[in-house]
Amino acid sequence: MTTDESNLQLLKDYLSTRYFKYGRKTGYRNAILSYSRYVGAPLSDADKSSLQRWFNKAKKDGLNLSTIVMYAFCLRTSYRHALQCKGLTKEVVDIKTNSILDNIPLKDLSREVSRRNNGRDKLVTPEEFKKLLLEAKRPRTKALLVVLYESGC
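Residue numbers for the sequence shown follow the numbering used here, beginning at 1273 and rising by one.
Keep in mind that a hint or two might mislead.
[Claimed, not checked] Cβ-Cβ distance ranges computed for the label pairs, FRET-style: (1) T1339 x R1410: 45 to 51 Å; (2) E1363 x R1387: 32 to 38 Å; (3) K1297 x R1412: 45 to 51 Å; (4) T1397 x R1301: 44 to 50 Å; (5) V1418 x Q1356: 48 to 54 Å.
[Stated by the list, open to error] Taking lysine-lysine pairs in the DSBU-like style, the calculated list, with each CA pair at most 30 Å apart, reads: (6) K1320 x K1368; (7) K1368 x K1402; (8) K1402 x K1414; (9) K1329 x K1284; (10) K1368 x K1331; (11) K1362 x K1379; (12) K1320 x K1332; (13) K1332 x K1284; (14) K1402 x K1284.
To be clear, the hints were calculated from the coordinates, so they are not data collected in a lab. Built from N, CA and C at the ideal position, the CB exists for glycine as well.
Please model the entire structure based on the sequences and the hints provided.
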């Protein structure tokens, strides 16, 4: 069995125990395939150095930071499932799973992704909103603008 086949079988086993929508399943599949492509080893045999290699190659390949964070989450979850399938105790699985991604700065990456996405979805900047309020002539219009702005509409 090739590495890709081994990793895809692991994924198939994991997904058969969960209900995920198509998009989430695709994310897991892409994460597993990226691991196979960058590392060339079964995920069930992963260690800190192989995950570090995956991270370095994914970053070098130009994957978006949010994609790397999502893939790392998927790989950690799949790795946890692989350890459980090996019959390891819950305590051992928890220790191995929590330590596998120690070399990857996921908290820093998540913080950077949040910082980048913070203003992305805002259609109106705070400065533009202040101008809109100054231009509004009626109190009801101002109130409506405030409600819409605060609710994110």
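For this session: Could you tell me which of the hints above the structure violates, numbers in ascending order?
Result: 4, 7 and 14
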